Amino acid sequence: MTATAAKPEKIPVTVLTGYLGAGKTTLLNRILSEPHGKKFAVIVNEFGEIGIDNELVVNADEEVFEMNNGCICCTVRGDLVRIIDGLMRRKGKFDAIIVETTGLADPAPVAQTFFMDENVGAKTKLDAVVTVADAMWLKDRLKDAPEAKNQIAFADVILLNKADLVTPAELAEVEARIRAINPYAKLHRTERAKIDIAEVLGRNAFDLDRILDIEPAFLTADNAHDHDHDHAHDHYHDHHHHHHGDGLKHYHDEDMQSVSINTDKPLNPDKFFPWVQDLVATEGKDILRCKGILSFKDDPERFVFQGVHMILDGDHQRAWKDDEKRSSRLVFIGRHLPEDKIRKGFEACIA
Amino acid sequence: MTDISSAPIPSLAGRVRKVTAGVPVVGIHFFSRTPVFVLGEEALLYVRGDDEDRVAIHGGAILASASDGDRIVTGGDDGKLIVSDADGAHEVIATDDKKRWVDQVALGPDGAVAWSAGKTAHVRTGKGELRAYEAPSTVAGLCFAPKGFRVAVAHYNGVSFWFPNASAAPEKFEWKGSHLGVTISPDGKFLVTTMQESTLHGWRIADAKHMRMSGYSARVRSLSWTSDAKFLATSGSEQLILWPFDGKDGPMGRQPTLLARSEARVSVVACHPRQPVAAVGYADGAVWLVRLDDGALIEARGVDGDPVSALGWDKTGQLLAFGTEGGDAGVLTL
Chain A
861 MTATAAKPEK IPVTVLTGYL GAGKTTLLNR ILSEPHGKKF AVIVNEFGEI GIDNELVVNA
921 DEEVFEMNNG CICCTVRGDL VRIIDGLMRR KGKFDAIIVE TTGLADPAPV AQTFFMDENV
981 GAKTKLDAVV TVADAMWLKD RLKDAPEAKN QIAFADVILL NKADLVTPAE LAEVEARIRA
1041 INPYAKLHRT ERAKIDIAEV LGRNAFDLDR ILDIEPAFLT ADNAHDHDHD HAHDHYHDHH
1101 HHHHGDGLKH YHDEDMQSVS INTDKPLNPD KFFPWVQDLV ATEGKDILRC KGILSFKDDP
1161 ERFVFQGVHM ILDGDHQRAW KDDEKRSSRL VFIGRHLPED KIRKGFEACI A
Chain B
41 MTDISSAPIP SLAGRVRKVT AGVPVVGIHF FSRTPVFVLG EEALLYVRGD DEDRVAIHGG
101 AILASASDGD RIVTGGDDGK LIVSDADGAH EVIATDDKKR WVDQVALGPD GAVAWSAGKT
161 AHVRTGKGEL RAYEAPSTVA GLCFAPKGFR VAVAHYNGVS FWFPNASAAP EKFEWKGSHL
221 GVTISPDGKF LVTTMQESTL HGWRIADAKH MRMSGYSARV RSLSWTSDAK FLATSGSEQL
281 ILWPFDGKDG PMGRQPTLLA RSEARVSVVA CHPRQPVAAV GYADGAVWLV RLDDGALIEA
341 RGVDGDPVSA LGWDKTGQLL AFGTEGGDAG VLTL
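Residue numbers (the working numbering), protein chains in the order written: chain A, 861 to 1211; chain B, 41 to 374.
Treat the hints loosely; a few may be bogus.
[Unchecked claim] Stretch by stretch, here's where chain A covers chain B in the computed footprint (C-beta under 8 Å, at least three residues): (1) 65-73; (2) 140-147; (3) 172-180; (4) 210-220.
[What the hints assert, rightly or not] Chain B side only, calculated, beta carbon under 8 Å to chain A, not exhaustive: (5) Glu81; (6) Ala83; (7) Gly99; (8) Asp118; (9) Gly119; (10) Glu237.
In short, the hints are calculated from the structure, not lab data.
A quick note: this is a predicted structure, and the numbers were derived from the prediction, not measured.
Cβ atoms here follow ideal geometry from the backbone N, Cα and C, with glycine treated the same way.
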């Protein structure tokens, strides 16, 4: 087909979550008021705070609908399906969409909408889930609000906001708590949600071509340095609090953990795919996010995948480079993950 | 990929009168022989002879439209419901008090109009009386029954079949899941919804017996009844799918008719108002006329990668108008 028009760019969608009062609206207004020359369509929840200074603001009802496929965790945001359909009529009037959720929202249905609805997935792409956390109160919320923990576990980018209102020791403490749940998100300390918007937008966190950074970042982005991951991992599942040379504490969260697996041995795809599909079919309710870069036996290309609950998305990404170490890395973030079962199952997939 | 040059489909594409919409076309209606293109943003485009007359009516996106041949009603993201006539005159007939999107509209008997914003379905009767029904979740589809003064309101987990002039509670047709569009067969016997999943759900109205119509590769977004009311034509697959609705059981236990197979997905369907012919628009830009008796095809628009987003026939079936997501449009005289 020579006459085929160039494929239009998909509109990126950033999902903004965070518990009540953490500073979501402050961040949103900061994004909108920066002199970046971009135009946004903003979808706010019906109880959203007023005073959003933007031309295109849509109120959403946050209607979470179960898909009729017998899978209780396959939920979509019905209102988003309709709103994005409506917004696409004004294509050209905005460059990106920001979805602000209520403080109590689970980010999963929002993310799943982009994979479950063909029209939404064809016109837009999920860019990243950005979670704003309150440095002073997050520790308490992680104890009493499962929603807050979900939002941390699900995040690609976390703003630890109001960092100026707590002591350095308290800040280190809450960062360690966050890392116990999600060591893979980019973590930024902020005051009044002040951040370079390039750290928040255009992250491509769900783009298979960009699944590169799945090394755990135990350190905040602003003082990151090399870290022994295997070593860290040992501590990670240790219930005692340890002090590393870098001075960071390591916690184990009772409910939400991550499991990361590495191997230099090539995998057998005929074993791996049935295993991972069965894993998400049986444990998907508790697996919030997963990502992986895989090296299959006799396969010159890297295979990458990512998933949200029971939905998996994967593809060959590119050829392994000559000087690149062919290793496989997988990460699961979730609730009460059966780590031994996951590790043993994975080891059985080695070719 | 299809090699178009070898495809033996006769084409009428050269006879199309081109129309420059410039923005996505989201609906097409006719006032007699005047096609009116509903544009994704703000305006209606009236095409009279060589003139293209753009009439701005909404302050934003136009989300829904309906016509009975005498008027066009539109709902917009400006929270307004607007009625327009053949001359381009228009007036606001309702404004949502919370400025929510008016995203469903339907026209009924004796000048009645129905619309919805959020969970509230509204009806204005021909006499100007206002009625409202609060659905259990956001209204995702509205249609009038062909007989009697009843409105089907689609929402999460089913359809409420509402009598706007009676105090009785709406009759509930329940089926788990998100119902996004609704239609009633012209004989008034069957209620059919499009679902978030790639299926249709149906009920026989008399006994609420369920029908599940599945096998689609995508969500069904376009429905059209054939002129003899024997079939419901649907989008959502790489061919035109026609479900049989003749007989008392409708499609229960029967197979659909599959015609006009393509490599691209059907995006819009519009049945001819008099003949057993359907116009079928595809995601690759093609528009085909399909003779339902034998599946014979005529091309009305060629493949160019610009998805067809709207189709419409005039009342006599001599004029077919089409529009695309990319803002291309045209009128074919048969």
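Consistency of the hints with the structure:
1. 65-73: Per the Cβ count (1), the hint is violated.
2. 140-147: Check passed, 3 qualifying residues.
3. 172-180: Holds: 3 residues of the region 172-180 of chain B have a Cβ under 8 Å from chain A.
4. 210-220: holds (count 4)
5. Glu81: 6 Å, holds
6. Ala83: This interface hint is violated because 12 Å lies over the 8 Å limit.
7. Gly99: 11 Å, violated
8. Asp118: Since chain A brings no Cβ nearer than about 12 Å to Asp118 (chain B), farther than 8 Å, the hint is violated.
9. Gly119: Constraint on Gly119 (chain B) not satisfied, violated at 11 Å.
10. Glu237: Cβ of Glu237 (chain B) sits 5 Å from chain A, so the hint holds.
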